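Residue numbers (our numbering), protein chains in the order written: chain A, 80 to 408; chain B, 80 to 408; chain C, 80 to 408; chain D, 80 to 408.
The hints are simulated quantities; they were obtained by calculation from the structure and are not laboratory data. Predicted, not measured: the structure shown is a model, and the values here were computed from it. Hints are not guaranteed to be accurate.
No farther apart than 30 angstroms at their CA atoms in a straight line, the calculated lysine-lysine pairs in the DSS-like style are these [what the hints assert, rightly or not]:
id : chain 1 : residue 1 : chain 2 : residue 2
1  : A       : Lys172    : A       : Lys232
2  : C       : Lys353    : D       : Lys353
3  : C       : Lys256    : B       : Lys353
4  : D       : Lys232    : D       : Lys172
5  : A       : Lys119    : A       : Lys256
6  : D       : Lys232    : A       : Lys256
7  : C       : Lys276    : C       : Lys230
8  : C       : Lys172    : C       : Lys230
9  : C       : Lys353    : B       : Lys353
10 : C       : Lys353    : D       : Lys276
11 : D       : Lys256    : A       : Lys353
12 : C       : Lys276    : C       : Lys353
13 : B       : Lys230    : B       : Lys172
14 : A       : Lys353    : C       : Lys353
15 : C       : Lys256    : B       : Lys256
16 : A       : Lys256    : D       : Lys276
17 : D       : Lys230    : D       : Lys172
18 : D       : Lys81     : D       : Lys119
19 : D       : Lys256    : C       : Lys353
20 : B       : Lys353    : D       : Lys256
21 : A       : Lys276    : A       : Lys256
22 : D       : Lys353    : C       : Lys256
23 : C       : Lys276    : B       : Lys119
24 : A       : Lys256    : B       : Lys353
25 : A       : Lys119    : A       : Lys81
26 : B       : Lys276    : A       : Lys230
27 : A       : Lys276    : A       : Lys353
28 : D       : Lys232    : C       : Lys276
29 : C       : Lys119    : C       : Lys256
30 : B       : Lys353    : A       : Lys353
31 : D       : Lys353    : D       : Lys276
32 : A       : Lys276    : D       : Lys119
33 : D       : Lys230    : C       : Lys276
Computed list of chain D residues with no C-beta within reach of chain A, every gap over 12 angstroms [what the hints assert, rightly or not]:
id : residue
34 : His102
35 : Tyr115
36 : Ala158
37 : His183
38 : Thr184
39 : Arg207
40 : Gly247
Glycine residues also receive a C-beta, built at the ideal position from the N, C-alpha and C atoms.
Protein chains: 4
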Amino acid sequence: MKAGIYGAAGYTGLELIGLLNQHPEFEICFATSDNYAGQKYQGITFSTSADADASTVDLVFLCTPHGVSAPLAARSLDAGAKVVDLSADLRMKTADAYQQWYGHTHPVPALLPTPYGLPELNRPNLIRQNCIANPGCYPTTTLLGLAPLAKAKAIRAGANLIVDAKSGVSGAGRQPKVDILFSEVFGDFKPYNVGRKHRHVGEIEQELHALNPNLGTLIFSPHLIPIDRGLLATSYVPLAEGWTLENVRQIYESAYADEPLVTLLPAGETARVKEVANTNGAMISLHAATPDTVIVVSVLDNLRKGAASQAVQNANLMLNLPETMGLLI
Amino acid sequence: MKAGIYGAAGYTGLELIGLLNQHPEFEICFATSDNYAGQKYQGITFSTSADADASTVDLVFLCTPHGVSAPLAARSLDAGAKVVDLSADLRMKTADAYQQWYGHTHPVPALLPTPYGLPELNRPNLIRQNCIANPGCYPTTTLLGLAPLAKAKAIRAGANLIVDAKSGVSGAGRQPKVDILFSEVFGDFKPYNVGRKHRHVGEIEQELHALNPNLGTLIFSPHLIPIDRGLLATSYVPLAEGWTLENVRQIYESAYADEPLVTLLPAGETARVKEVANTNGAMISLHAATPDTVIVVSVLDNLRKGAASQAVQNANLMLNLPETMGLLI
Amino acid sequence: MKAGIYGAAGYTGLELIGLLNQHPEFEICFATSDNYAGQKYQGITFSTSADADASTVDLVFLCTPHGVSAPLAARSLDAGAKVVDLSADLRMKTADAYQQWYGHTHPVPALLPTPYGLPELNRPNLIRQNCIANPGCYPTTTLLGLAPLAKAKAIRAGANLIVDAKSGVSGAGRQPKVDILFSEVFGDFKPYNVGRKHRHVGEIEQELHALNPNLGTLIFSPHLIPIDRGLLATSYVPLAEGWTLENVRQIYESAYADEPLVTLLPAGETARVKEVANTNGAMISLHAATPDTVIVVSVLDNLRKGAASQAVQNANLMLNLPETMGLLI
Amino acid sequence: MKAGIYGAAGYTGLELIGLLNQHPEFEICFATSDNYAGQKYQGITFSTSADADASTVDLVFLCTPHGVSAPLAARSLDAGAKVVDLSADLRMKTADAYQQWYGHTHPVPALLPTPYGLPELNRPNLIRQNCIANPGCYPTTTLLGLAPLAKAKAIRAGANLIVDAKSGVSGAGRQPKVDILFSEVFGDFKPYNVGRKHRHVGEIEQELHALNPNLGTLIFSPHLIPIDRGLLATSYVPLAEGWTLENVRQIYESAYADEPLVTLLPAGETARVKEVANTNGAMISLHAATPDTVIVVSVLDNLRKGAASQAVQNANLMLNLPETMGLLI
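Could you put together the complete structure from these sequences and hints?
Written as structure tokens, this is what we have:
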């Protein structure tokens, strides 16, 4: 299979190059970066986006910024390539929701709604698709952590859902800015956009409410961890009547028993970043808080299952390859 | 004033040596460490605890482990020295509560209750005292963050209080253990003792309920940040009827307007570890979440305002020195 | 092929478990750790060393400390297993040299000399061998960097050779000690055992002088980098008459052209830790200093090419498997 | 004394603000930053450079880039202010040397030569001066380490001098660039500009040769440490006939016995970054290598004794204040 990558010199794009180089079926035909054109990474030479031709490949990965991706998706589809969009452009179901969270008109509303590429939740809608919206890193972590409870109606209807999330710095991208310089971040730890300000709030709520429309409001506080990669979400879940940690554990066991990329840790163990950094999988641990509250800790590598390896997982589904091809090492 | 330090070669003890060396009124007469006896730190030579004589000093700081501190406090008081105990031994009001959280009988129940040394909350009870329980690092951070709301009855009665806390690694002490080796912690981020397992839960609830007995259950999740020092708590507070972020801000403004060691950040700014590391102060920022929930971020250096500099602040009060002497640099 | 690992819960042993789990031909039959017996890592349950039986496997890897390894090697050979010893016990050619650098009598002098397992220098002597001494991390880095010059007699005879080396903290092992606690190392950088004190000096000189007996004295200064893994050596090489950076480059190009695990970087690029961390290869860059001096920068992952993956490379040779089987990902 | 800072929002400028805020005699009258104008740091509001008026202050600190500083120095002197230039503009003695190392014509050659502000070497020429060139961070570290030997003619004439230096990332400045982003540097360690490429080579050689014109060529290899602050130089010094580690130690003892900001460590101790980070002093340790070579390890905080606190030390001398006023805490 021939693949192209747009925006390949950001952290997500570089990660994709590494993954596709090891994938038995994909060949990278182009990897664009207007800033780095002519330079090499892992044997791949970056080209300008003008020099890339989507009609020469089976599938393109869009690692371009939101606002740029959607028009590129439309052109690539017209050229006959399948599209995995790693930006936020195709994640919201409606142009109105996009405008609400991203602050500008959707560039190509005709593309909406696009199937949401979280295979563990939405697999049947992804197979042989032509265009998929790859989820955000915070939404993937949070949704893998909460979906079994949401589907089972185990969350108290209408109650606030508190998710305290922490991400490594690569999640902030590779554009040089003062606040992600090494000397600024070293030795620090801080929250940002707490409450309901982060754009991923809209995406998480949309998907949670699709699973269970009676859920309450999401309170979401991201923090910056002084590490390069890894994302951990600590979710505080008020349980509906009749639910206990024990039957909560059972629904996670059935939800993830056959998922090769999601590991439910046994009771007594706690999910942590180091176990998933540089891997393609997510891990989840469940913890007692009070009789009516459980704590779910979910963790993954923001550049892998939170971005690039999930994009490959989606690409495998779109091209009817084994879903985890190239992802289980 | 002559001071002695027991258990001076742990992180808290080393920090105290640095602070007392700069303090205009204190002279360190002994600093004990059975492991490091004979070695020097900042001009002070460690002695064995057997060689230390509390009767030669005005005040002793106990940086010894819980279980060891209380008997040492009793002996030091008998010898005529005032005592600041930085361990947990004197923090709980009753021997029963101590047994519940620490799993063994209190070694010297006659010392209970001891005044709780959080000056911003309890100043009148600390002046000229002979014995003070220095608060834990998590409790100091959490209580400075929540006390104004608790006192004002602004927290919804009976509702769960969720505090998601994160600490630098020095909080785990200086005893060599595999899980705090550099190569274990580097690149990692993880929760531990989440829910209601951490011993500081008892201490925080005791003090919060003293301010307002109608408060609900504390859910408290500590995490380990891969940095050496700093502690940040993100508290999710359900508001009582009639309270808004605006009037919440007013009560913090009055609570801390005259507190030299606590800074309330203006709206739009966010508390972060780097601003308080290696300082003696705490910082607090307030954030909107939903109409009925505010987020309080409180932050301090776990070895300073979370331990050693708060101990000096208490010692100043006990000896009727200016409270912040040696602490405002 | 059946493999056993003694001392499997240290950093080198854990790394070996990971590598062997991915190796197409090896099956781990036992992995011993008296401290962690009964616990699991990557699907392998640690057993006590008493429960391990070398006669049940084709090859054992010894990740045990020096002093312990040699007797275990003798017993394992007697039991019919091949042996890769990752400790220092079998690296020195004579018991006298061992005594000089390790300060005690060699436990099993009959095993000396053992073939030195640096395949890029010594491949013909390793194939189908029964027992191999796996080189140290600093020696591997330094020797890969200097061997082409030493063999070509391009180093000025008798001149001091200065190697300024820097290692990640995992090189110090996993036994808990205060000086490798996270809070001690974080934010620090320091040399240790500078000059001719580090035990690896003897090993490096032995191998360099075997390539060219006219070489001068090694001055070797290791430093501790606050990262978990990676090792970089900056070597300052006085050139013999007639040598220039250009012809130096040529001998490296021929030395490493066909070595899959050693990369010579093109002129203008500089070797760095990040490119080799978590890989099985080494990288080398060459730099002009003065007309009669070149600087060689060599770099590898101390737990991989500096220990565990080199052990697998040796094991492949001993068992007549393709040398890089399981190592090129 | 009234002080102004030009270029105050870089790391050196921010550090100066902190130091001057604690200095008993200085008042900051302006701190310019065109990018951050209107924002506050430690109580000081940045102004544009256009709004700053050097005629209103006793002394200005120039934290502006090289090329910008010299004209600003000239204008400030004309306006009646004394000048400490922290850039490289005034460090070289001649415009030719400046051109050689900085690649462009000197902007104000009439200012050359300017007294070189390394008080421990050059104190008599700094008192009551109007304009001083504040040394670079690598030169300060290297010169404090080598000057006693150079002055005593203890270094073998004509022999190459090898200095392997390592710096924290703040030395690279606060302008956002990809290669100093957190995620690029985290987990890495690398040399850069090795040999004789770094601009500080010219400055170090100029000052060493002023102490002893018979010294040989400097080989200088800087490396980037993944920490925010701190600089360590490992210098390999070939000794002249008759010199030994013992008499070398004596000349360091006399050189630094009365220097409050330079500490010679006792035999057996090793200089390290952590001891000097966030302090105004330097530390030096001496180590045996071979009978004719010693190793000098020198260390300081690149933003303090390597930049801002040395600038304050110079300012104190220029204004005839006690040299260490505000610097001994």
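Status of each hint after checking the structure:
Of the supplied pair hints, the one linking A:Lys172 and A:Lys232 holds, its CA atoms being roughly 23 angstroms apart against a limit of 30 angstroms. Distance hint between C:Lys353 and D:Lys353 is fulfilled; the C-alpha atoms sit about 23 angstroms from each other, no more than 30 angstroms. At roughly 28 angstroms between alpha-carbon atoms, C:Lys256 and B:Lys353 fall within 30 angstroms of each other, so this suggested pair holds. Restraint check: the Cα-Cα separation between D:Lys232 and D:Lys172 comes to about 23 angstroms, which is no more than 30 angstroms; the hinted pair holds.
Our distance criterion of 30 angstroms between C-alpha atoms is met by A:Lys119 and A:Lys256, whose separation comes to about 24 angstroms. A distance of roughly 48 angstroms separates the Cα atoms of D:Lys232 and A:Lys256; the hinted pair therefore is violated under the 30 angstroms criterion. The suggested pairing of C:Lys276 with C:Lys230 holds, with an alpha-carbon distance near 26 angstroms, which does not exceed 30 angstroms. With a CA separation close to 19 angstroms, the supplied pair C:Lys172 and C:Lys230 stays within the 30 angstroms bound.
This hinted pair checks out: C:Lys353 and B:Lys353 have alpha carbons roughly 26 angstroms apart, not beyond 30 angstroms. Taking the CA atoms of C:Lys353 and D:Lys276, the gap is near 23 angstroms; set against the 30 angstroms cutoff, the hint holds. Distance hint between D:Lys256 and A:Lys353 is fulfilled; the C-alpha atoms sit about 28 angstroms from each other, no more than 30 angstroms. Distance hint between C:Lys276 and C:Lys353 is fulfilled; the C-alpha atoms sit about 28 angstroms from each other, no more than 30 angstroms.
For the hint pairing B:Lys230 with B:Lys172, the CA-to-CA distance comes to about 19 angstroms; that is within 30 angstroms, so the pair holds. Restraint check: the Cα-Cα separation between A:Lys353 and C:Lys353 comes to about 17 angstroms, which is no more than 30 angstroms; the hinted pair holds. For the given pair, C:Lys256 sits about 7 angstroms from B:Lys256 by alpha-carbon distance, which is consistent with the 30 angstroms threshold. Between the alpha carbons of A:Lys256 and D:Lys276 the distance comes to roughly 28 angstroms, so the proposed pair stays at or under 30 angstroms and holds.
Distance restraint check for D:Lys230 and D:Lys172: the Cα-Cα separation of roughly 19 angstroms lies within the 30 angstroms cut-off, and the hinted pair is therefore satisfied. Restraint check for D:Lys81 and D:Lys119: satisfied, since their Cα atoms lie roughly 19 angstroms apart, inside the 30 angstroms limit. Proposed proximity of D:Lys256 and C:Lys353 is supported: the alpha carbons are some 18 angstroms apart, at most 30 angstroms. Simply put, B:Lys353 and D:Lys256 have alpha-carbon atoms about 22 angstroms apart, close enough for the 30 angstroms limit, and the pair holds.
Taken as a hint, the A:Lys276 and A:Lys256 pair is honoured in the structure, with Cα atoms around 20 angstroms apart against an allowance of 30 angstroms. At most 30 angstroms may separate the alpha-carbon atoms for a hinted pair to count; D:Lys353 and C:Lys256 meet this at roughly 18 angstroms. Straight-line distance between C-alpha atoms of C:Lys276 and B:Lys119 comes to about 25 angstroms, which keeps the hinted pair within the 30 angstroms bound. Proximity of A:Lys256 to B:Lys353 is assessed by CA-CA distance (about 18 angstroms); at most 30 angstroms being required, the pair is judged to hold.
Between the alpha carbons of A:Lys119 and A:Lys81 the distance comes to roughly 19 angstroms, so the proposed pair stays at or under 30 angstroms and holds. A threshold of 30 angstroms between alpha carbons decides the hint, and for B:Lys276 with A:Lys230 the separation of about 29 angstroms falls inside it, so the pair holds. Restraint check for A:Lys276 and A:Lys353: satisfied, since their Cα atoms lie roughly 28 angstroms apart, inside the 30 angstroms limit. For the suggested pair D:Lys232 and C:Lys276, the alpha carbons sit about 27 angstroms apart, so the restraint of at most 30 angstroms is met.
Restraint check for C:Lys119 and C:Lys256: satisfied, since their Cα atoms lie roughly 24 angstroms apart, inside the 30 angstroms limit. For the given pair, B:Lys353 sits about 23 angstroms from A:Lys353 by alpha-carbon distance, which is consistent with the 30 angstroms threshold. Taking the CA atoms of D:Lys353 and D:Lys276, the gap is near 28 angstroms; set against the 30 angstroms cutoff, the hint holds. The straight-line distance between the Cα atoms of A:Lys276 and D:Lys119 is roughly 25 angstroms, inside the 30 angstroms bound, and the hint therefore holds.
With a C-alpha separation of about 29 angstroms, the suggested pair D:Lys230 and C:Lys276 falls inside the 30 angstroms cut-off, and the hint holds. Remark: the non-interface label on D:His102 is consistent with the geometry, its nearest Cβ contact in chain A lying 24 angstroms away (cut-off 12 angstroms). In this structure D:Tyr115 is not separated from chain A by more than 12 angstroms, as the shortest Cβ-Cβ distance comes to only about 10 angstroms. The Cβ of D:Ala158 sits about 31 angstroms from the closest Cβ of chain A, beyond the 12 angstroms cut-off, so the non-interface label holds.
No Cβ of chain A approaches the Cβ of D:His183 within 12 angstroms, the least distance being about 25 angstroms, so the stated non-interface status holds. With 12 angstroms as the threshold on Cβ separation, the claim that D:Thr184 sits away from chain A holds: the shortest Cβ distance comes to roughly 30 angstroms. D:Arg207, annotated as away from the interface, keeps every beta carbon of chain A farther than 12 angstroms; the closest lies near 35 angstroms. With a least beta-carbon separation of about 8 angstroms from chain A, D:Gly247 fails to lie farther than 12 angstroms from that chain, contradicting its non-interface assignment.
Violated hints, in rising order: 6, 35 and 40; the structure is consistent with all others.
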